[in-house]
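Chemist: Listed below are the residues making up each chain.
Protein chains: 8
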Amino acid sequence: MLTVYLSGEIHTDWRDQIAHGARDLNVMFTGPVTDHAASDDCGVAILGAEPNKFWHDHKGAKLNAMRTRKGIEEADIVVVRFGEKYKQWNAAFDAGYAAALGKSLIVLHGAEDQHALKEVDAAALAVAQDPSQVVAILTYILSGDLPA
Amino acid sequence: MLTVYLSGEIHTDWRDQIAHGARDLNVMFTGPVTDHAASDDCGVAILGAEPNKFWHDHKGAKLNAMRTRKGIEEADIVVVRFGEKYKQWNAAFDAGYAAALGKSLIVLHGAEDQHALKEVDAAALAVAQDPSQVVAILTYILSGDLPA
Amino acid sequence: MLTVYLSGEIHTDWRDQIAHGARDLNVMFTGPVTDHAASDDCGVAILGAEPNKFWHDHKGAKLNAMRTRKGIEEADIVVVRFGEKYKQWNAAFDAGYAAALGKSLIVLHGAEDQHALKEVDAAALAVAQDPSQVVAILTYILSGDLPA
Amino acid sequence: MLTVYLSGEIHTDWRDQIAHGARDLNVMFTGPVTDHAASDDCGVAILGAEPNKFWHDHKGAKLNAMRTRKGIEEADIVVVRFGEKYKQWNAAFDAGYAAALGKSLIVLHGAEDQHALKEVDAAALAVAQDPSQVVAILTYILSGDLPA
Amino acid sequence: MLTVYLSGEIHTDWRDQIAHGARDLNVMFTGPVTDHAASDDCGVAILGAEPNKFWHDHKGAKLNAMRTRKGIEEADIVVVRFGEKYKQWNAAFDAGYAAALGKSLIVLHGAEDQHALKEVDAAALAVAQDPSQVVAILTYILSGDLPA
Amino acid sequence: MLTVYLSGEIHTDWRDQIAHGARDLNVMFTGPVTDHAASDDCGVAILGAEPNKFWHDHKGAKLNAMRTRKGIEEADIVVVRFGEKYKQWNAAFDAGYAAALGKSLIVLHGAEDQHALKEVDAAALAVAQDPSQVVAILTYILSGDLPA
Amino acid sequence: MLTVYLSGEIHTDWRDQIAHGARDLNVMFTGPVTDHAASDDCGVAILGAEPNKFWHDHKGAKLNAMRTRKGIEEADIVVVRFGEKYKQWNAAFDAGYAAALGKSLIVLHGAEDQHALKEVDAAALAVAQDPSQVVAILTYILSGDLPA
Amino acid sequence: MLTVYLSGEIHTDWRDQIAHGARDLNVMFTGPVTDHAASDDCGVAILGAEPNKFWHDHKGAKLNAMRTRKGIEEADIVVVRFGEKYKQWNAAFDAGYAAALGKSLIVLHGAEDQHALKEVDAAALAVAQDPSQVVAILTYILSGDLPA
Numbered sequence: 001m002l003t004v005y006l007s008g009e010i011h012t013d014w015r016d017q018i019a020h021g022a023r024d025l026n027v028m029f030t031g032p033v034t035d036h037a038a039s040d041d042c043g044v045a046i047l048g049a050e051p052n053k054f055w056h057d058h059k060g061a062k063l064n065a066m067r068t069r070k071g072i073e074e075a076d077i078v079v080v081r082f083g084e085k086y087k088q089w090n091a092a093f094d095a096g097y098a099a100a101l102g103k104s105l106i107v108l109h110g111a112e113d114q115h116a117l118k119e120v121d122a123a124a125l126a127v128a129q130d131p132s133q134v135v136a137i138l139t140y141i142l143s144g145d146l147p148a
Numbered sequence: 001m002l003t004v005y006l007s008g009e010i011h012t013d014w015r016d017q018i019a020h021g022a023r024d025l026n027v028m029f030t031g032p033v034t035d036h037a038a039s040d041d042c043g044v045a046i047l048g049a050e051p052n053k054f055w056h057d058h059k060g061a062k063l064n065a066m067r068t069r070k071g072i073e074e075a076d077i078v079v080v081r082f083g084e085k086y087k088q089w090n091a092a093f094d095a096g097y098a099a100a101l102g103k104s105l106i107v108l109h110g111a112e113d114q115h116a117l118k119e120v121d122a123a124a125l126a127v128a129q130d131p132s133q134v135v136a137i138l139t140y141i142l143s144g145d146l147p148a
Numbered sequence: 001m002l003t004v005y006l007s008g009e010i011h012t013d014w015r016d017q018i019a020h021g022a023r024d025l026n027v028m029f030t031g032p033v034t035d036h037a038a039s040d041d042c043g044v045a046i047l048g049a050e051p052n053k054f055w056h057d058h059k060g061a062k063l064n065a066m067r068t069r070k071g072i073e074e075a076d077i078v079v080v081r082f083g084e085k086y087k088q089w090n091a092a093f094d095a096g097y098a099a100a101l102g103k104s105l106i107v108l109h110g111a112e113d114q115h116a117l118k119e120v121d122a123a124a125l126a127v128a129q130d131p132s133q134v135v136a137i138l139t140y141i142l143s144g145d146l147p148a
Numbered sequence: 001m002l003t004v005y006l007s008g009e010i011h012t013d014w015r016d017q018i019a020h021g022a023r024d025l026n027v028m029f030t031g032p033v034t035d036h037a038a039s040d041d042c043g044v045a046i047l048g049a050e051p052n053k054f055w056h057d058h059k060g061a062k063l064n065a066m067r068t069r070k071g072i073e074e075a076d077i078v079v080v081r082f083g084e085k086y087k088q089w090n091a092a093f094d095a096g097y098a099a100a101l102g103k104s105l106i107v108l109h110g111a112e113d114q115h116a117l118k119e120v121d122a123a124a125l126a127v128a129q130d131p132s133q134v135v136a137i138l139t140y141i142l143s144g145d146l147p148a
Numbered sequence: 001m002l003t004v005y006l007s008g009e010i011h012t013d014w015r016d017q018i019a020h021g022a023r024d025l026n027v028m029f030t031g032p033v034t035d036h037a038a039s040d041d042c043g044v045a046i047l048g049a050e051p052n053k054f055w056h057d058h059k060g061a062k063l064n065a066m067r068t069r070k071g072i073e074e075a076d077i078v079v080v081r082f083g084e085k086y087k088q089w090n091a092a093f094d095a096g097y098a099a100a101l102g103k104s105l106i107v108l109h110g111a112e113d114q115h116a117l118k119e120v121d122a123a124a125l126a127v128a129q130d131p132s133q134v135v136a137i138l139t140y141i142l143s144g145d146l147p148a
Numbered sequence: 001m002l003t004v005y006l007s008g009e010i011h012t013d014w015r016d017q018i019a020h021g022a023r024d025l026n027v028m029f030t031g032p033v034t035d036h037a038a039s040d041d042c043g044v045a046i047l048g049a050e051p052n053k054f055w056h057d058h059k060g061a062k063l064n065a066m067r068t069r070k071g072i073e074e075a076d077i078v079v080v081r082f083g084e085k086y087k088q089w090n091a092a093f094d095a096g097y098a099a100a101l102g103k104s105l106i107v108l109h110g111a112e113d114q115h116a117l118k119e120v121d122a123a124a125l126a127v128a129q130d131p132s133q134v135v136a137i138l139t140y141i142l143s144g145d146l147p148a
Numbered sequence: 001m002l003t004v005y006l007s008g009e010i011h012t013d014w015r016d017q018i019a020h021g022a023r024d025l026n027v028m029f030t031g032p033v034t035d036h037a038a039s040d041d042c043g044v045a046i047l048g049a050e051p052n053k054f055w056h057d058h059k060g061a062k063l064n065a066m067r068t069r070k071g072i073e074e075a076d077i078v079v080v081r082f083g084e085k086y087k088q089w090n091a092a093f094d095a096g097y098a099a100a101l102g103k104s105l106i107v108l109h110g111a112e113d114q115h116a117l118k119e120v121d122a123a124a125l126a127v128a129q130d131p132s133q134v135v136a137i138l139t140y141i142l143s144g145d146l147p148a
Numbered sequence: 001m002l003t004v005y006l007s008g009e010i011h012t013d014w015r016d017q018i019a020h021g022a023r024d025l026n027v028m029f030t031g032p033v034t035d036h037a038a039s040d041d042c043g044v045a046i047l048g049a050e051p052n053k054f055w056h057d058h059k060g061a062k063l064n065a066m067r068t069r070k071g072i073e074e075a076d077i078v079v080v081r082f083g084e085k086y087k088q089w090n091a092a093f094d095a096g097y098a099a100a101l102g103k104s105l106i107v108l109h110g111a112e113d114q115h116a117l118k119e120v121d122a123a124a125l126a127v128a129q130d131p132s133q134v135v136a137i138l139t140y141i142l143s144g145d146l147p148a
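Protein chains in written order, with our numbering: chain S, 1 to 148; chain V, 1 to 148; chain B, 1 to 148; chain R, 1 to 148; chain D, 1 to 148; chain H, 1 to 148; chain G, 1 to 148; chain X, 1 to 148.
Don't read these hints as lab results, they were simulated from the structure.
Just so you know, even glycine gets a beta-carbon here, dropped at the ideal spot from N, CA and C.
There may be inaccurate statements among the hints.
[As the list claims (entries may be wrong)] Simulated crosslink set (DSS-like; lysine-lysine; CA at most 30 Å straight-line):
#, chain 1, residue 1, chain 2, residue 2
1, D, Lys87, X, Lys53
2, R, Lys53, B, Lys85
3, R, Lys70, R, Lys53
4, V, Lys70, R, Lys70
5, H, Lys85, G, Lys87
6, X, Lys87, D, Lys87
7, D, Lys70, D, Lys53
8, S, Lys85, S, Lys53
9, S, Lys70, D, Lys70
10, S, Lys87, V, Lys70
11, D, Lys53, G, Lys53
12, D, Lys53, X, Lys85
13, V, Lys85, V, Lys70
14, B, Lys87, R, Lys87
15, R, Lys85, B, Lys87
16, X, Lys53, X, Lys70
[Stated by the list, open to error] Derived CB-CB ranges, DEER-like:
#, chain 1, residue 1, chain 2, residue 2, range
17, G, Gly144, D, Gly48, 55 to 61 Å
18, B, Ala49, R, Asn52, 47 to 53 Å
19, X, Thr3, R, Asp145, 21 to 27 Å
20, V, Asp13, H, Gly48, 37 to 43 Å
21, G, Gln114, D, Ala37, 34 to 40 Å
22, H, Gly48, G, Pro51, 54 to 60 Å
Just chain S, same shape as in the assembly (with noise of 0.2 Å):
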């Protein structure tokens, strides 16, 4: 079996395609909360209002380490996906915080962002533009299969 986090990006559905594609593999997936607003505010919603923006999203920030720490610690691969929108650096720290464990690391993202991320991915063992390409690298991985 094989256990999966999927970190990154949340606007688009990726997390789904990755997910249906794999249906019938042995996997487990986890992955941060992906509501965003959720995600922005737990810390002040659970302890309490914070009336500087810092703190604001610290106390939220330390929520989600919890979650995210636990994934990443119990995967044994790491999908880090960059999209458009956003800095992203919470997808680069997550992919840093997975190498510096020893775990399995895939890159998704689209050409545009190839210099940009060379060191993200010079620590990759896969680089995939596509999530059916991860799909297909899951696939491999488990059954020694490769898409027809």
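We have chain S already, so just place chains V, B, R, D, H, G and X on it with the hints.
Modeler: Structure of chains V, B, R, D, H, G and X alone, referenced to chain S:
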């Protein structure tokens, strides 16, 4: 003696400011190669040209990783600076790498990036806006003295 | 599934409150022996009486350590509660032990202990005042749902 | 050469007593910043004021953690002293942190705290009541010589 | 659930006594091959005869190490029993191995060996004289119940 | 339960012989993809063609590493078989990788390779010549039974 | 300062070429005993003759392992050279050992071995064909300077 | 430079023989306190008398552990000598401790203890009978030179 790795932005003189401010402290500073062109082209310059830009970058990023990882692994404190230009995913990657190794992390960035860096800041022991604050932190840690 | 170790104060029903609030979550709770007399006397009850109170306590504390360390080492999250009575150095010891192992730490205490617990809180990913907040954190981490 | 971290109580001269007694031994002593006011206020003094006391303390405690963790992680022996005043949860936290890292732990406290410190003492290789006993231990470990 | 490795003396029924006493507890017991002849000769029986007794023993000891190390590494608690016969250096070796891995160690021996085992006992969380005490410890750790 | 990774030569049926011989044992066997063509071409089949054979192989070897490393890291015992054909440096690499992780290593090879494999054999707990010996070792480790 | 372990082929002067080329760099080179006869016979020369070639080699390989493992474990960078003669499984073993420890790996080999070394190369941060390239890499890592 | 810990028997001059034989080598030797009376009584001499012999010994053994563990943990090579007298379980304990830490282990004992030490020898990289052989091993490891 403190060993401090200075990661991230390479287009302003922030490393020099810190080194100058800390010139009387018992600190050894390390960091990446900061010559942008050399850093980009080192792989092909030494190991042979690649027609494909991905592999051109890949060879270089791996050579740089030899220096970067040693620097981070041997550091007591890792300072990661985010500037105004570029994607800077390598900086966030270094921050994640350092965090996973349990390094003391100082993040240095402007207020405009506060929200985008909340996960990185949440893993840090200090978030500073100015190189002089990093100098003050190092001074305090080594001597117990605070700024006048 | 989350494994959560509940450390610290054993004279109120905070563990029960959390367990009850989280009864529908996929969480396994562990913790120390909470029978104060048994916890104090287990060493001599099993391994023989000691005339010297130091060794009486020593034998017991070591038996309890077998349970405590396994609990902390296997936990995803360690919750440490500081109450109103006693010195509670064992609670702070557990917090330090958990922090050094890289566990996600939640500290639970009243406002009156805020300053005295600042070093412990600084190592935590959440500081809560009420058991219901711990339940809300566990709910959010597992499901992404926030309190209504 | 032994590296010895002296943790805990900062209101009596016990560190000086040990350092003086061990002045002819090959020992390097480290420890926290012992200026109480500087230790409390370092965070806001360097990184900016906080209206909320929790965050005021939080910023300072994290700066101090950079020094404390390095000190404990590099120590062969960690001495933790419990005195008569304050809650001293940071001392117990340091003891737990050191224990989890497998450090040799010496606890230094008066007889009146014996029962409350039983879990901390159970993790120690020595429980002393007087700084001169710590000096005698360091002397014996380095030279094999016992007090006359 | 506790995993308990039972190391040492193989000529009395102490393992059976513990397993019987703990038959209602949630404990998995592991241990070495306790058939003395098989344990001595396994190497040459499987991998071919050796004219030199040293290599005869060497081949067997290495096969046994595959079982022993897995057992100790996966155990929560390692019980090491010293009996009346033989040198039993393998028992002390297992105790040292377990101690270095941070396992909870219970040493089981008669009063006559107290002085000779002082270093081993000093690394243990309990020193017992009778298998029934080990049962009582396991019962207490799992349930908090003490002997009537 | 034992987890056994079967590394190395993929052109004879030695894995099947071991699996058949151990069919009644509580063993889970893992190993690399043994379809030579798939193993060579998986990288380009999934992630896109490469005109340069080095990168063609590189992409494939990295995908295979995801499976191989998980297999070795989760194994109790790693069996490495050296056959008569090819350089088999990947087999020796796996043996070194397993040795550095402290895995129990069994090397399986013919007498003709004894001298060339002396460093690999020196890191092993058993050196066998025949798959049936591996079955006998697994049987002994699990049950204590030796071949009739 | 860089510590670089030079593993593998001992029949050409590649180590001398690298050491000469790097004579002005702050590098400490380590490596195995390169006297082939001494390396083969050290075990029996010191610890007594063995009639069986397997044990003759075994005793020697274990003595060499004391030097080899210390060298690899203390290295920042491990260079592994594959030459034209012999099976060189010890070189591949060292590469696997270094990779599992997270060392920066440079593989040095001719084009004719590219396919056979693909798994080893996939674990490396650089694949070079000539000792002068290794010198250039070390120069760049230490100084940032590229070849003219 | 090699750091070598000399564990075990303290009643003959074997440590001096090795130190003298290796006087021209770049080796730092460490070891336990070899004054038998001081080693037995250090605990009570420094920390106060104990009427019960078990606790008398316990306090001493723990002080000695501070020296012993540092010595073993910092050593490249651990030499453990078994002599003719006493149970010497502490020597076997040290061997197990060193083995679990992955230290290079040399066991030094007479032929009469070969069978009883087979598990300890199986974990060693060399089994010697004479201190001069240990000197020869250290010489070879450092210089590649074999005895004339």
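Chemist: Does each hint hold? Answer for all of them.
Modeler: Evaluated hints:
no. : hint                              : in the structure
1   : Lys87/D with Lys53/X              : holds, 23 Å
2   : Lys53/R with Lys85/B              : holds, 23 Å
3   : Lys70/R with Lys53/R              : holds, 26 Å
4   : Lys70/V with Lys70/R              : holds, 18 Å
5   : Lys85/H with Lys87/G              : holds, 11 Å
6   : Lys87/X with Lys87/D              : holds, 7 Å
7   : Lys70/D with Lys53/D              : holds, 26 Å
8   : Lys85/S with Lys53/S              : holds, 22 Å
9   : Lys70/S with Lys70/D              : holds, 26 Å
10  : Lys87/S with Lys70/V              : holds, 27 Å
11  : Lys53/D with Lys53/G              : holds, 16 Å
12  : Lys53/D with Lys85/X              : holds, 23 Å
13  : Lys85/V with Lys70/V              : holds, 26 Å
14  : Lys87/B with Lys87/R              : holds, 7 Å
15  : Lys85/R with Lys87/B              : holds, 11 Å
16  : Lys53/X with Lys70/X              : holds, 26 Å
17  : Gly144/G with Gly48/D: 55 to 61 Å : holds, 58 Å
18  : Ala49/B with Asn52/R: 47 to 53 Å  : holds, 52 Å
19  : Thr3/X with Asp145/R: 21 to 27 Å  : holds, 23 Å
20  : Asp13/V with Gly48/H: 37 to 43 Å  : holds, 42 Å
21  : Gln114/G with Ala37/D: 34 to 40 Å : violated, 53 Å
22  : Gly48/H with Pro51/G: 54 to 60 Å  : holds, 58 Å
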